[in-house]
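K.L.:
The residues making up each chain are set out below.
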Amino acid sequence: MDLTTNCLLALHLATLPMALIDWHAAFFLLFALVACGAAVMVVLTDNVVRMALHLVLSLGATAGLFFLAGAEFVGSMQLMIYVGGTLVLLVFGVMLTAQTKLVTLQTPPGDRVLAGILAAALLAVLVQSAVSIEPWRQPGRAVTQPPTATPLGMALVGVRVDRQPVEVESRPRSGYLLPFEIVSVHLLVVLVGAAYLARAKRRRTPRPIDVVASADPPPPVRQPRREEREAASVLVGGGQ
Amino acid sequence: MAEFLINTLGFPAWLAWSATAGVAAFLILNVIAGGALVFIWAERKIAARIQDRLGPTRTGGRFGWLQSLADGIKLLAKEDLMPDGADTLLFRLAPYVSFCASFCAFIAMPFAFDVVGQRLNVGVFFVIAVLGLEVFGVILAGYASASKWSLFGAMREAAQVVSYEVPLGMCVVVPVMLAGSMDLVTIGEKQAGWISNWYLFHDPFTFVIFWVYFTCAVASVNRAPFDLAEAESELVAGFHTEYSGLRWSFFFMAEYGSMFLVSGLAAVLFLGGWNGPIPIAELAGWSDGSAVTAPYAVRLLGCANLLAKATAGVLLMMWIRWTLPRLRIDQVMTTCLKYCTPIAAVMFAGVMLWQLFLPGGLVPGGRQGAISVREGWLEQAAEPPAEAVGVRRSVPQQLAGVAD
Amino acid sequence: MILAAVGSIGVTHYLLVGGLMFTAGVVCMAVKRNALGVLMGIELVLNGANINFVAFGSSYLAGEGRSPLGLDGEVMALFVILLAAAEAAVALAITLNFYNNHGTVDVDRADDLRG
Numbered sequence: 001m002d003l004t005t006n007c008l009l010a011l012h013l014a015t016l017p018m019a020l021i022d023w024h025a026a027f028f029l030l031f032a033l034v035a036c037g038a039a040v041m042v043v044l045t046d047n048v049v050r051m052a053l054h055l056v057l058s059l060g061a062t063a064g065l066f067f068l069a070g071a072e073f074v075g076s077m078q079l080m081i082y083v084g085g086t087l088v089l090l091v092f093g094v095m096l097t098a099q100t101k102l103v104t105l106q107t108p109p110g111d112r113v114l115a116g117i118l119a120a121a122l123l124a125v126l127v128q129s130a131v132s133i134e135p136w137r138q139p140g141r142a143v144t145q146p147p148t149a150t151p152l153g154m155a156l157v158g159v160r161v162d163r164q165p166v167e168v169e170s171r172p173r174s175g176y177l178l179p180f181e182i183v184s185v186h187l188l189v190v191l192v193g194a195a196y197l198a199r200a201k202r203r204r205t206p207r208p209i210d211v212v213a214s215a216d217p218p219p220p221v222r223q224p225r226r227e228e229r230e231a232a233s234v235l236v237g238g239g240q
Numbered sequence: 241m242a243e244f245l246i247n248t249l250g251f252p253a254w255l256a257w258s259a260t261a262g263v264a265a266f267l268i269l270n271v272i273a274g275g276a277l278v279f280i281w282a283e284r285k286i287a288a289r290i291q292d293r294l295g296p297t298r299t300g301g302r303f304g305w306l307q308s309l310a311d312g313i314k315l316l317a318k319e320d321l322m323p324d325g326a327d328t329l330l331f332r333l334a335p336y337v338s339f340c341a342s343f344c345a346f347i348a349m350p351f352a353f354d355v356v357g358q359r360l361n362v363g364v365f366f367v368i369a370v371l372g373l374e375v376f377g378v379i380l381a382g383y384a385s386a387s388k389w390s391l392f393g394a395m396r397e398a399a400q401v402v403s404y405e406v407p408l409g410m411c412v413v414v415p416v417m418l419a420g421s422m423d424l425v426t427i428g429e430k431q432a433g434w435i436s437n438w439y440l441f442h443d444p445f446t447f448v449i450f451w452v453y454f455t456c457a458v459a460s461v462n463r464a465p466f467d468l469a470e471a472e473s474e475l476v477a478g479f480h481t482e483y484s485g486l487r488w489s490f491f492f493m494a495e496y497g498s499m500f501l502v503s504g505l506a507a508v509l510f511l512g513g514w515n516g517p518i519p520i521a522e523l524a525g526w527s528d529g530s531a532v533t534a535p536y537a538v539r540l541l542g543c544a545n546l547l548a549k550a551t552a553g554v555l556l557m558m559w560i561r562w563t564l565p566r567l568r569i570d571q572v573m574t575t576c577l578k579y580c581t582p583i584a585a586v587m588f589a590g591v592m593l594w595q596l597f598l599p600g601g602l603v604p605g606g607r608q609g610a611i612s613v614r615e616g617w618l619e620q621a622a623e624p625p626a627e628a629v630g631v632r633r634s635v636p637q638q639l640a641g642v643a644d
Numbered sequence: 645m646i647l648a649a650v651g652s653i654g655v656t657h658y659l660l661v662g663g664l665m666f667t668a669g670v671v672c673m674a675v676k677r678n679a680l681g682v683l684m685g686i687e688l689v690l691n692g693a694n695i696n697f698v699a700f701g702s703s704y705l706a707g708e709g710r711s712p713l714g715l716d717g718e719v720m721a722l723f724v725i726l727l728a729a730a731e732a733a734v735a736l737a738i739t740l741n742f743y744n745n746h747g748t749v750d751v752d753r754a755d756d757l758r759g
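Chains as they are written, first to last, in the working numbering: chain S, 1 to 240; chain C, 241 to 644; chain V, 645 to 759.
Rather than coming from a laboratory, the hints here were simulated on the basis of the structure. Think of the CB as a built atom: it goes at the ideal place given N, C-alpha and C, for glycine as much as any other residue. Check each hint, because a few of them may be wrong.
Here are some chain S residues pointing at chain V (derived, C-beta under 10 Å) [to be verified]:
| id | residue |
| --- | --- |
| 1 | Ala32 |
| 2 | Val43 |
| 3 | Leu59 |
| 4 | Phe66 |
| 5 | Val94 |
| 6 | Arg112 |
| 7 | Gly116 |
| 8 | Leu123 |
| 9 | Leu152 |
| 10 | Ala194 |
| 11 | Ala195 |
So, partial list: chain C residues that the calculated Cβ filter (under 8 Å) puts toward chain S [what the hints assert, rightly or not]:
| id | residue |
| --- | --- |
| 12 | Phe366 |
| 13 | Ile368 |
| 14 | Val370 |
| 15 | Gly372 |
| 16 | Leu373 |
| 17 | Phe376 |
| 18 | Leu380 |
| 19 | Tyr383 |
| 20 | Met395 |
| 21 | Ala398 |
| 22 | Val402 |
What follows is a set of in silico ranges between Cβ atoms, one per label pair, in the way DEER data are often shown [what the hints assert, rightly or not]:
| id | chain 1 | residue 1 | chain 2 | residue 2 | range |
| --- | --- | --- | --- | --- | --- |
| 23 | V | Leu727 | S | Ala195 | 16 to 24 Å |
| 24 | C | Met592 | S | Pro109 | 52 to 60 Å |
| 25 | S | Val192 | C | Ala537 | 52 to 60 Å |
| 26 | C | Glu319 | S | Leu30 | 31 to 39 Å |
| 27 | V | Leu757 | S | Ala195 | 23 to 31 Å |
| 28 | V | Leu757 | C | Val406 | 33 to 41 Å |
Here chain S stands alone, though its shape is the one from the complex (with noise of 0.2 Å):
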């Protein structure tokens, strides 16, 4: 009994130096670092693919800073929708646009000298007044939070539960409903919008059977340019 008590004291003071480390600020200083980071390596890289994968990282270590911050429904969302849908299409750009020559276009000097000042001036002004005001410079005071996933959802329907009672008295529909069925509109707009744009232009040569068959002589036939014909896509497996 006493030994196990030495041990355990030992163990303590063997280990009370990481016991001082305050977790969620490691976790926040890693996250973030990674996000920032990430982050300016994109504007710094040329090659368009590697710019992808930063972003990739820059994404999700936001993600990782919504778990921080209790947000762990937007979090995933992040990782979904962000991470792997958005990026996820963006890396396909990249892919079918993927030429040797347009993969690291250059970027002339004098913009980047350019972009410098006003990267520097910007970020001047917002870091002045993120740290220009005194309550937000006030630790968090780390209260438990509850789960935040079902109050979002409800706020979507157009119940507000997190609001006072009061409140959701005085204003019972101060939920997102409107909102939510804007941007699900939205999102229907977009999707046949995105597919009429991208949509694959028919150049299809006649077949010999059909010239013969018809009775006029055939249109001419613009034949694609080279370009043209390299971009066609991909992804129709294998056809070129």
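With chain S held as given, fit chains C and V onto it using these hints.
P.N.:
Okay, now just chains C and V, sitting in the frame of chain S:
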């Protein structure tokens, strides 16, 4: 476990939590790696039997059960090749990205009541989201290999995975709706009791939607007949054409890991999770029906149950792989957009209406309908919000308090 | 040492991260010649804004223990993510169309309207 370490052995809290996390990570890693070994052996035997062969017979005595271990050693000893013109960094990174995504998704995956890496309020969502990240490794591999075959494979995989996330999401939402929670532990626990409580048998729509889910899950982990990304008859080996040795085996483990994960998810969402078809523990009097107070043996039984169900799912995938021919890429897209998505949408609406009008399900029991969940929340909202419990002060604040 | 310098995490820390991301995004939009690079810049900008929304909406970070925004912060972040996805889809379609017509994704070459 952490509570046990803190209360009984007197460990400091952070050390207890770290130890628990380490043990959990170790266990999950072993489930993936050990599972991959077993499944590779099983796949060889099943493939052989389906094709009227014997499969491995010699390594390790009977049945060739050491075959995958021998394979692993061979892979370790293989030369690690990298093609000329490959993007070195991305080429090296890609397998780990895939494996990490597959591994991280296990964080929120429960194996029994409260036997879970981290019980997340948005568990289902998290698992699906993280699993979707696996495609990034594949895309990077395809691009970085500087090979046509790899790029084709990667593009196909990207298109396929992004498309199949839509019906997969719709299917996953159904159990979430039935349980009124996205927490996987809650979803599993709501299906406790007899086999009729499983969401698979909740109503006819969920029965259909389970099969849609399974199809989409097979497609989203790129198993045959949806393995267009590797399609060895047309693309050599697809995205991992240029990989060899250990890196290749990481892709392999990621594939088997995510197969196991989607099967486990199917078990939790539709097949009663860790609850067996018959509530043995309750009938035998080992537990009083409450999962919280049940002894650990019951949880172990639950673990075994879930593992058995997930393994059955994986075996089913293998059976499908070796009996169905591979689809063409346009057929894959047709399956997703013209069949899976509309069927899932209609079934989703059906489950919704069923919940609205027959919230009890086919078998009357203590099920909670969507409406009652909503009412419950409204009642909670009507009460004044409870004062924040347990103000956890961070360490610097505590130190400051000591200094005062 | 670094951790001690950072101290306990408050809203300001999140704002700084968001600000840096926003700046990176703006610069990315300004200097990239690749249309897809510009798109990535937009994503960064939106994401930086999102961090701010979540930070303000999080009662975990708020100094008073209950965030003034309540759920609004997270809901805004959700809408931003959704609209970003929509924007990316349309912009990508435009880019691919541009690529089909011009054989390049260099935005400096998109000067047909100059006459």
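K.L.:
I'd like to know which numbered hints this structure contradicts. Please list them from smallest to largest.
P.N.:
none
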